[in-house]
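These protein sequence lines are chains A and B, in that order.
Here the first sequence is numbered in our numbering, starting from 1 and rising by one per residue.
Here the second sequence is numbered in our numbering, starting from 1 and rising by one per residue.
Hints listed in this document are in silico derivations from the structure and should not be mistaken for laboratory results.
Treat the numbers as computed from the prediction; the structure is a model and nothing was measured.
Watch out, some of these pointers could steer you wrong.
Each pair may be met inside one copy or between any two copies, as identical chains are not told apart.
Unchecked claim - Simulated pairs of lysine-lysine, DSS-like, Cα-Cα distance not exceeding 27 Å:
(1) K248 with K447
(2) K462 with K202
(3) K97 with K447
(4) K315 with K13
(5) K157 with K13
(6) K18 with K315
(7) K315 with K9
(8) K115 with K315
(9) K115 with K157
(10) K315 with K157
(11) K157 with K18
(12) K202 with K253
(13) K189 with K315
(14) K253 with K447
(15) K97 with K115
(16) K157 with K245
Protein chains: 2
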Amino acid sequence: MSKVVNTLKEVIKLCGLKEGMRVSFHHHLRNGDHVINMVLDEIADMGYKDITVNASSVFDIHAPIVNHIRNNVVTALEVNYMGAVVGREISKGIMNKPVDFRSHGGRPSDIESGKTPIDIAFIAAPTSDNMGNCTGKYGASACGSLGYAFADAMYAKKVVVITDNLVDYPLYDFSISETYVDYVVSVDKIGDPTGIVSGTTKITRDPVGLMMASYATKVIQHSGLLQNGFSFQTGAGGASLAVAKYLKELMLKENIRGSFGMGGITGYLVDMLEAGCFETLMDVQCFDLKAVESIRENKRHREVTASHYASPTVKSAIVNNLDVVILGATQIDTNFNVNVHTDSNGYIMGGSGGHSDTAAGAKLTMIVAPLTRARLSLITDRVLCISTPGKTVDVLVTQRGIAVNPLRDDLIARLKEAKLPIIDINELKNIAEKITGIPNDVKLGDKVVGNVIYRDGTVIDKIRSVVV
Amino acid sequence: MSKVVNTLKEVIKLCGLKEGMRVSFHHHLRNGDHVINMVLDEIADMGYKDITVNASSVFDIHAPIVNHIRNNVVTALEVNYMGAVVGREISKGIMNKPVDFRSHGGRPSDIESGKTPIDIAFIAAPTSDNMGNCTGKYGASACGSLGYAFADAMYAKKVVVITDNLVDYPLYDFSISETYVDYVVSVDKIGDPTGIVSGTTKITRDPVGLMMASYATKVIQHSGLLQNGFSFQTGAGGASLAVAKYLKELMLKENIRGSFGMGGITGYLVDMLEAGCFETLMDVQCFDLKAVESIRENKRHREVTASHYASPTVKSAIVNNLDVVILGATQIDTNFNVNVHTDSNGYIMGGSGGHSDTAAGAKLTMIVAPLTRARLSLITDRVLCISTPGKTVDVLVTQRGIAVNPLRDDLIARLKEAKLPIIDINELKNIAEKITGIPNDVKLGDKVVGNVIYRDGTVIDKIRSVVV
Chain A
1 MSKVVNTLKE VIKLCGLKEG MRVSFHHHLR NGDHVINMVL DEIADMGYKD
51 ITVNASSVFD IHAPIVNHIR NNVVTALEVN YMGAVVGREI SKGIMNKPVD
101 FRSHGGRPSD IESGKTPIDI AFIAAPTSDN MGNCTGKYGA SACGSLGYAF
151 ADAMYAKKVV VITDNLVDYP LYDFSISETY VDYVVSVDKI GDPTGIVSGT
201 TKITRDPVGL MMASYATKVI QHSGLLQNGF SFQTGAGGAS LAVAKYLKEL
251 MLKENIRGSF GMGGITGYLV DMLEAGCFET LMDVQCFDLK AVESIRENKR
301 HREVTASHYA SPTVKSAIVN NLDVVILGAT QIDTNFNVNV HTDSNGYIMG
351 GSGGHSDTAA GAKLTMIVAP LTRARLSLIT DRVLCISTPG KTVDVLVTQR
401 GIAVNPLRDD LIARLKEAKL PIIDINELKN IAEKITGIPN DVKLGDKVVG
451 NVIYRDGTVI DKIRSVVV
Chain B
1 MSKVVNTLKE VIKLCGLKEG MRVSFHHHLR NGDHVINMVL DEIADMGYKD
51 ITVNASSVFD IHAPIVNHIR NNVVTALEVN YMGAVVGREI SKGIMNKPVD
101 FRSHGGRPSD IESGKTPIDI AFIAAPTSDN MGNCTGKYGA SACGSLGYAF
151 ADAMYAKKVV VITDNLVDYP LYDFSISETY VDYVVSVDKI GDPTGIVSGT
201 TKITRDPVGL MMASYATKVI QHSGLLQNGF SFQTGAGGAS LAVAKYLKEL
251 MLKENIRGSF GMGGITGYLV DMLEAGCFET LMDVQCFDLK AVESIRENKR
301 HREVTASHYA SPTVKSAIVN NLDVVILGAT QIDTNFNVNV HTDSNGYIMG
351 GSGGHSDTAA GAKLTMIVAP LTRARLSLIT DRVLCISTPG KTVDVLVTQR
401 GIAVNPLRDD LIARLKEAKL PIIDINELKN IAEKITGIPN DVKLGDKVVG
451 NVIYRDGTVI DKIRSVVV
């Protein structure tokens, strides 16, 4: 009575992999993940071609996929996020088919609806029993939440759990249950702990970052949303973390008890939970060791599925109830459209992740970013790629002032009354261009290398190749 | 942003109930449940006819359903268990269609496969937030696990949560998530706590029961299964609980650390968990207050879905890994077929529940029952209803000796060597009949009032009407 199979090769055969099939992966092991590479290497060794890879994200560690693409082992790619190393190659046009970029909510929605049916899901599981009850909370490769992997496990035709910590049946604190699992493969290491989670994620010490964080916190303070029941998501970037720190101080000072913190969870949100700023954390992904420890030990730190987090097609998702989200941008245009897919030269180096999902759901979506980077303005006339539509973005915070989407008259009034440095986004663009000069138009190629599939299923932008 | 609807009437309209539809209920509130009655009363008041009711179980408190059947409001009934009060009326032939009896594993399997598609699921939830994240662990009507309700929530077209403890969003310790829930209705009381769980379930003091429990424990002791990793399920009857008590003493004495206890969970299994006899409890249903408290507080006491517990069609269920199950019987025949659907007169007063599921899965299935009841022999030539096929039953323990299924030569040898009072089941029947006399054949009617649908989907027996 065991589902354990000795080798990846054997399990790939047992699953009946065929050319043209779609295999899936999740990205909780982040830049420490060994599983995508080991599975694709095996598939390549076995001589398969024409495989579609659906991975919630691809990081720099997954550079070997470039070779599998060049060799036609992988002929289609579907991701929510793509690191710069693989992104650069995709931008050069190495694939015949454009990469389909979805959001963290859109991906499980399309898996569940059958738009992107998964033939074989490979679940990287830091701990599993021999029947496939598995979790990310324990083991040498512990990553915390397995939120993105649930749709894969629940809907794939065949499900393979790959673990480096096989424990006695039954693993009681399972996240994904054996009811969905066909096979379990035990390997030496599913990942490199130093790449899976940061030891600690760190707040910026850069005065520009701290100034932006201070502005962002004041926007929240005067938004009318900061009251008991307040809910919040922020990213893992240095300035975003500084917002969490300032917000915590403010909430404690004003004795405000929020309802939930959400998203990719860092130690700073754990601090807020433990300080009583929130009743609970809803966690689809852990970013650091403190978050992993917390989700393992603290019942109020709750693992949620990607669908629960952000799917547009479930009966309701948590993003629908979100008050404030702090997000980043590589570019934002004067219509508040945000680019997080490419850099200012058009090279792919990111993706929506939960960006467009939370922007659509939150009552206040705030972009926090420095006005210039590498002598280029953050603000453009038209972003190179629309990742998140401007109508879902409320505020841009830079070190030189705060621009509010004109659609949000109410908010402009509130923030002006609070005497915050509100400035028209066009003026802010002018300020930036006084520093950087007016940039030359980026010359892109004709080839479409990426489709940005918005959470409602429409292609809201196409990413073009970069002319090298 | 709320799914709360003011009245049952309104929610039934919003769900678009139509004649011919199937509505579903779960039975964790047991004989304290108010939800089935309040929903069916409302449906009747609104003038609907021809509704199919799929309920994991129907108890005596649900006697009002008899009127709804007589009035053609409810024209088809699908249950895993039926208490004697409703059962008696069904046995008299009041329905045109036979009741479909499934097992606790077969029911979710048929819901998930679409054999019994649910149009509207009504989830009795002791605690819920306004978006439908809900649980049985908290509230005045706390019942612990909601194991049987998951398939309903996950697969029904419309899902209504009915609660008497509406809490702030988000309820972090939810069992069923908002992703599945359409509406939430808040009512005064979903049930009567005294009927939901017993204050404490009690071990028998009857010397006959204690003798049987002692025999059963010895069978386990000498079965070869009682070693580290041992897994166990027992019922909530007095003798079954006594087995748990004796087994606990034995395991502690022999320093055996089992893996899991399973099933409907009582305080006695909680005691075994806390004493270290098991690593974990896998709980699809709580029988008493101690179990409810334990599942709320102890992480090792894990809620599982009915599919995970026992479905024959998921990729694996916990029953597949079960070592020993202790079960009851109203009748057993000389081929070891067991009846738990009717009494010796043919009246419906029970159902499979998890009986046939655990018997199919367990390495050792043991029936513990007194040799005679109400001056009738337990053992017959042919049970009035085959609930559980004899080939899945290994041992019958009575106060007058232990009969082992001849298919289990290995076990007969072991138990004989241990000098246990092994006796042929035919001889045991003779002993009983010396006490009771040979019973008259029960005269049943021609009408089929129930189909016993085995976990593999086949109708293994038909229950006939009782001639009054």
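query = Should K115 paired with K315 be assigned to within, between, both, or neither, using CA atoms and 27 Å as the limit?
reply = Both, since 18 Å and 23 Å are each at most 27 Å.
ask   = Is it within, between, both or neither when you check K157 against K245 at 27 Å Cα-Cα?
value = neither (44 Å within a copy, 44 Å between copies)
task = Give the relationship of K97 and K115 under a CA distance limit of 27 Å: within one copy only, between copies only, both, or neither.
result = Classified as within: same-chain Cα gap 17 Å, cross-chain 40 Å, threshold 27 Å.
ask   = For K189 vs K315, is the C-alpha pair at or below 27 Å within one copy, between two copies, both, or neither?
value = Between copies only: 26 Å across chains, 38 Å inside a chain, cut-off 27 Å.
request  = Please work out whether the CA atoms of K253 and K447 approach to 27 Å or closer within one copy, between two copies, in both situations, or in neither?
outcome  = neither (54 Å within a copy, 74 Å between copies)
request  = Indicate which option fits the pair K248, K447 if close means a Cα-Cα distance not exceeding 27 Å: within, between, both or neither.
outcome  = The answer is neither: 47 Å in one copy and 71 Å across copies each exceed 27 Å.
Intra/inter-copy verdict for K97 and K447 if alpha-carbon distance must be at most 27 Å = This pair counts as within: shortest intra-copy Cα distance 10 Å, inter-copy 64 Å.
Alpha-carbon proximity context of K202 and K253, limit 27 Å = within (23 Å within a copy, 53 Å between copies)
task = Since the copies are identical, ignore which copy is meant and state whether K315 and K13 lie within 27 Å (CA to CA) inside a copy, between copies, both or neither.
result = between (37 Å within a copy, 18 Å between copies)
ask   = For the identical chains here, do K157 and K13 meet the 27 Å Cα criterion within one copy, between copies, both, or neither?
value = within (14 Å within a copy, 37 Å between copies)
key: Intra- versus inter-subunit Cα pairing at 27 Å for K462 with K202   = neither (34 Å within a copy, 68 Å between copies)
task = If the cutoff is 27 Å on CA atoms, where do K18 and K315 land: within, between, both or neither? Let me know, please.
result = between (35 Å within a copy, 21 Å between copies)
Hints 1, 2, 14 and 16, counting from the list given before, are not met by this structure.
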